[in-house]
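Those sequence lines, one after another, are chains E and G.
According to this note's numbering, the residues represented by the first sequence are 1 to 534, in order.
According to this note's numbering, the residues represented by the second sequence are 1 to 403, in order.
Rather than coming from a laboratory, the hints here were simulated on the basis of the structure.
Keep in mind the model is a prediction, meaning the values are calculated, not measured.
Treat the hints with care, since some could be wrong.
Stated by the list, open to error - Straight-line alpha carbon distances no greater than 30 Å define the calculated DSS-like cross-link-like pairs of lysine-lysine that follow: (1) G:K297 with E:K230; (2) E:K378 with E:K96; (3) G:K250 with G:K280; (4) G:K301 with E:K437; (5) E:K279 with E:K298; (6) E:K340 with G:K250; (7) G:K250 with G:K114; (8) G:K180 with E:K475; (9) G:K250 with G:K263; (10) G:K180 with E:K144; (11) E:K437 with G:K265; (12) E:K492 with G:K280; (13) E:K483 with G:K297; (14) E:K437 with G:K114; (15) E:K297 with G:K172; (16) G:K180 with E:K340; (17) E:K437 with G:K250; (18) G:K172 with G:K203; (19) E:K297 with E:K279; (20) E:K476 with G:K172.
Residue-level listing of the chains:
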Amino acid sequence: MSKQPSQQHAKVTSGQGKSTDEDVEFLEDDDDNQMDFDMAALNLGEKKLKIATAKPKKVSSIASTPVSSQPSSPKVTPLAKIPPSKRVDVEAEYAKRTSDKAKLNMVVIGHVDAGKSTLMGHFLYALGQVSEKTIRKYEREAQKIGKSSFAYAWVLDETGEERIRGITMDIATNSFETTSKQFTLLDAPGHRDFIPNMISGAAQADVAILVIDATTGEFEAGFDANGQTKEHALLVRSLGVQQMIVAVNKLDAMEWSKPRFDEITAKLGTFLIQAGFRKSKLHFVPVSGLTGENLVKKTEGCPLYDWYKGQTLVERVDQFEPPVRLLDKPFRMAVSDFFKGGIGSSSGVSVAGRIDAGHVQVGEQVVAIPGGEIGVIKTMQVNDDTATWGAAGDSCLMTLTGLDIMQLSSGTVLCTPAHPVPVTSTFIAQLVVFDIKVPITSGFPIILHHQSLNEPASIVKLIATIDKATGEIIKKNPRHLSKGSTATVRIKLDNRPIPLETFKDNKDLGRVMLRKGGETVAAGVVTQILTFGS
Amino acid sequence: MKLIKKSIEKDKSGYVTLYPEELEDMWHVYNLIQTEDQLKATTIRRIQSESATGSSSSQRVRLTLTIVVETVDFDPQAGLLRINGRVSSESQYVKMNSYHTIDLELNRNFTLFKNEWDTIALERVEDACDITKQADVAAIVCQEGLANVCLVTQHMTIVRQRIETPIPRKRKGSVTNYEKGLGRFYDQVYQALLRHVNFDVVKGIIIASPGFVKDQLYHYIFDQAVKTDNKMLMENRPKFLLVHCSSGHKHSLQEVMQDDSVKAKLADTKAAREVAALDKFYVMLNNDPDRAFYGFKHVAKANERGAIGTLMVTDALFRSADIATRRKYIELVEGVRASGGQVLVFSTLHVSGEQLNQLTGVAAILTFPLPDIEEEDEEEVAEENDDTQANSDEMDVADDLGL
Ligand SMILES: Nc1nc2c(ncn2[C@@H]2O[C@H](COP(=O)(O)OP(=O)(O)O)[C@@H](O)[C@H]2O)c(=O)[nH]1
Ligand SMILES: [Mg+2]
Chain E
1 MSKQPSQQHA KVTSGQGKST DEDVEFLEDD DDNQMDFDMA ALNLGEKKLK
51 IATAKPKKVS SIASTPVSSQ PSSPKVTPLA KIPPSKRVDV EAEYAKRTSD
101 KAKLNMVVIG HVDAGKSTLM GHFLYALGQV SEKTIRKYER EAQKIGKSSF
151 AYAWVLDETG EERIRGITMD IATNSFETTS KQFTLLDAPG HRDFIPNMIS
201 GAAQADVAIL VIDATTGEFE AGFDANGQTK EHALLVRSLG VQQMIVAVNK
251 LDAMEWSKPR FDEITAKLGT FLIQAGFRKS KLHFVPVSGL TGENLVKKTE
301 GCPLYDWYKG QTLVERVDQF EPPVRLLDKP FRMAVSDFFK GGIGSSSGVS
351 VAGRIDAGHV QVGEQVVAIP GGEIGVIKTM QVNDDTATWG AAGDSCLMTL
401 TGLDIMQLSS GTVLCTPAHP VPVTSTFIAQ LVVFDIKVPI TSGFPIILHH
451 QSLNEPASIV KLIATIDKAT GEIIKKNPRH LSKGSTATVR IKLDNRPIPL
501 ETFKDNKDLG RVMLRKGGET VAAGVVTQIL TFGS
Chain G
1 MKLIKKSIEK DKSGYVTLYP EELEDMWHVY NLIQTEDQLK ATTIRRIQSE
51 SATGSSSSQR VRLTLTIVVE TVDFDPQAGL LRINGRVSSE SQYVKMNSYH
101 TIDLELNRNF TLFKNEWDTI ALERVEDACD ITKQADVAAI VCQEGLANVC
151 LVTQHMTIVR QRIETPIPRK RKGSVTNYEK GLGRFYDQVY QALLRHVNFD
201 VVKGIIIASP GFVKDQLYHY IFDQAVKTDN KMLMENRPKF LLVHCSSGHK
251 HSLQEVMQDD SVKAKLADTK AAREVAALDK FYVMLNNDPD RAFYGFKHVA
301 KANERGAIGT LMVTDALFRS ADIATRRKYI ELVEGVRASG GQVLVFSTLH
351 VSGEQLNQLT GVAAILTFPL PDIEEEDEEE VAEENDDTQA NSDEMDVADD
401 LGL
């Protein structure tokens, strides 16, 4: 890629400021102080630039606010051949759209067989996203291969392998609307082997539904050390998800037992709060994905309502708060999928992902990093609907022309040509060490997960362990890191450099997950990029 | 490798004549040769000659030369071993003391003279010439869209081909792109298998992956074998072994080597022993950190007190150009053995060796705890673990972060 402007470089290496609190407490962040934190890092005025999608009025003020010429928050118009008359005022359109219905990305997580796909399949059916006819067809076909209980899951489990085995293997994307919001739904695989795919989906999510199998022994199996319940919850939290609904599923098979619901709520609640979720942002909803009870409707006479007076799943989902979007930052979209051919079998290359920051519109140029090749956006879709523009938070599919597909790889980040994302092979991260079996030492080989990318890397140096509460150094050059500790380390990619940003510059592209031997060993935020260039 | 002749004096000086036969032998030789050794081998030299009329011509001559070694380079992929140094033998074509580079060749004798044949060097010769220890295995570690086709021998893991094919993901209402992409990927791996695996030599072919990639690949391979009537593959079918691992990256070989079915099939391989030992070290570091140390200073202290049960060192340390460093580590090895400890010299061409190498290259599991070691010289160790340059950078960074 092209070299970073020297100014940018200088900023990255020396402008770290003294915001140690946020550095340390990245697992306890919340939207507001995270945004402040981002603003502080940019030396921008806080008040006017706060873009809360929930408060569309403020957005309109942004459009008229002159933005300082700081390198990482440019007001650059990408070199585009769009006549001014046809140019979309994205910020104004965004405000309009948001005041109508805000868009959110929701990931569904939980242990394998908890009933995630069935629950969401049924949910989509109940909301009218899937036709009666389709469901009947799935029922017939699923029955033929002896998997009749998976008919609803087939809405999301679409590959032959997934249907035959009855296991979700990759993220399935779908969309639906509630009274006040539009959602992109990401159904994650629960099996531990497919956690890389789950991470790729969770990295795009704002909010989550954690599905729990409430039947005897199954909640326990998912919750113990070998289950995926805890790992999934920790992962989404580390990836920035703060609001979560816990769907206590399969209660139909437990005769809608209140004591069972209470037991699960208590055990899980304690764990989730320890994991950094706030009580006020956690909600438990009893449901059955199979019968559809309490998803969208309440069946009269169902014993559940003898004791449950709360909301249905869809009512609860509708109340998720839209997070703050980084609309004024340079455009970035981590590519999660790409393929030959454009939308509607046109020519070009199709690229899918969630816009992490900034906005784009049809006709604009984007640069693929690494590589530095430039393409022009010919057409695009947001949440499966044709669109002329997309903004931070949107799930996009776009057709690019002028870009060779060979220039793309999993891990590519599309950027505005004026401010491409840095590419690096060595960086410093602050880690929170998970519940690991053996301690981390220098030289520890890991698989680094960043958005949809997973690459081999090594922890080449343990710089210091840190007191989570005070942010102070406990020990420099520690011999090893044990579970639960917080530390700064230096990480080096084994094979090749990757696009990466500091957490301060971009909280999505500044997060990494470290896995080894099929287990997540740590979550981290990038505090400093040490080498530049591809 | 064949040992042709060995002649070593009481003062440990002497020579060994060897006949390298395969790629791995080049790795052994690479580990044997040190600066200031003398190497005698046949080689090719371009000779400039001037005729009576004054016109000059150049020709390539094969001749036997002895050089005093200055640098050694090894490319494990190509199996190319280059040794550079000054010529120390009289020859009609080459002046004494002029520089020459020998590319060591397979199936030709060479002779290595050393002023001191130490334990590590002698063991290396013995190891290299022990044919009972040969156990080559092909391993394909993969995940959707990524495969590493590796050859694993006693001392080396070589990635023969890394295949990375982007596979379009399933999309709502369409899985054809995904299924086509997957098919293409399996075909590439299949082709790589045919190209890189010598079925006559390998004891086993391991296919390892998370999920069902291994099963699907296995089916693809044998579907193709049937379709193309590939007898070689059909005959070798019993040699295939499917194993679970967590990713398609090379690191996963560590998990593969620890798998019970692999252990059963391949008996005792060096790679597996190394993985197990390193694992044990980490478990000890977790359970009883006073019985697990790394870094030369700590380990040497533990050795002084006769506490080392298992010493792990990488071969890289013995390749050091600095004689004093090499001697230091040899003394450590001999010390541990004298007090009844076990010594494992890890190959840096195996994944575990790479890891140990990054962990200072030396680690030890103690037979009894030594809680005071760590406190004694905390600062010293900090220094030792750093390459000085990087260290000063880091401190600046730490300051910046307010650490
Ligand atoms: N009794 C009962 N079974 C359910 C319910 N939800 C899912 N299942 C069954 O659980 C199995 C696994 O479901 P699936 O959706 O594939 O789980 P996933 O792995 O979490 O996506 C299937 O056999 C479903 O029919 C429920 O609410 N009640
Ligand atoms: Mg599923």
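Verification of the supplied hints:
no. : hint               : verdict
1   : G:K297 with E:K230 : violated, 40 Å
2   : E:K378 with E:K96  : holds, 24 Å
3   : G:K250 with G:K280 : holds, 21 Å
4   : G:K301 with E:K437 : holds, 27 Å
5   : E:K279 with E:K298 : holds, 26 Å
6   : E:K340 with G:K250 : holds, 29 Å
7   : G:K250 with G:K114 : violated, 37 Å
8   : G:K180 with E:K475 : violated, 52 Å
9   : G:K250 with G:K263 : holds, 18 Å
10  : G:K180 with E:K144 : holds, 25 Å
11  : E:K437 with G:K265 : holds, 28 Å
12  : E:K492 with G:K280 : holds, 25 Å
13  : E:K483 with G:K297 : holds, 26 Å
14  : E:K437 with G:K114 : violated, 46 Å
15  : E:K297 with G:K172 : holds, 26 Å
16  : G:K180 with E:K340 : holds, 12 Å
17  : E:K437 with G:K250 : holds, 21 Å
18  : G:K172 with G:K203 : violated, 44 Å
19  : E:K297 with E:K279 : holds, 26 Å
20  : E:K476 with G:K172 : violated, 50 Å
Comparing the model with each earlier hint shows violations of hints 1, 7, 8, 14, 18 and 20; every other hint is respected.
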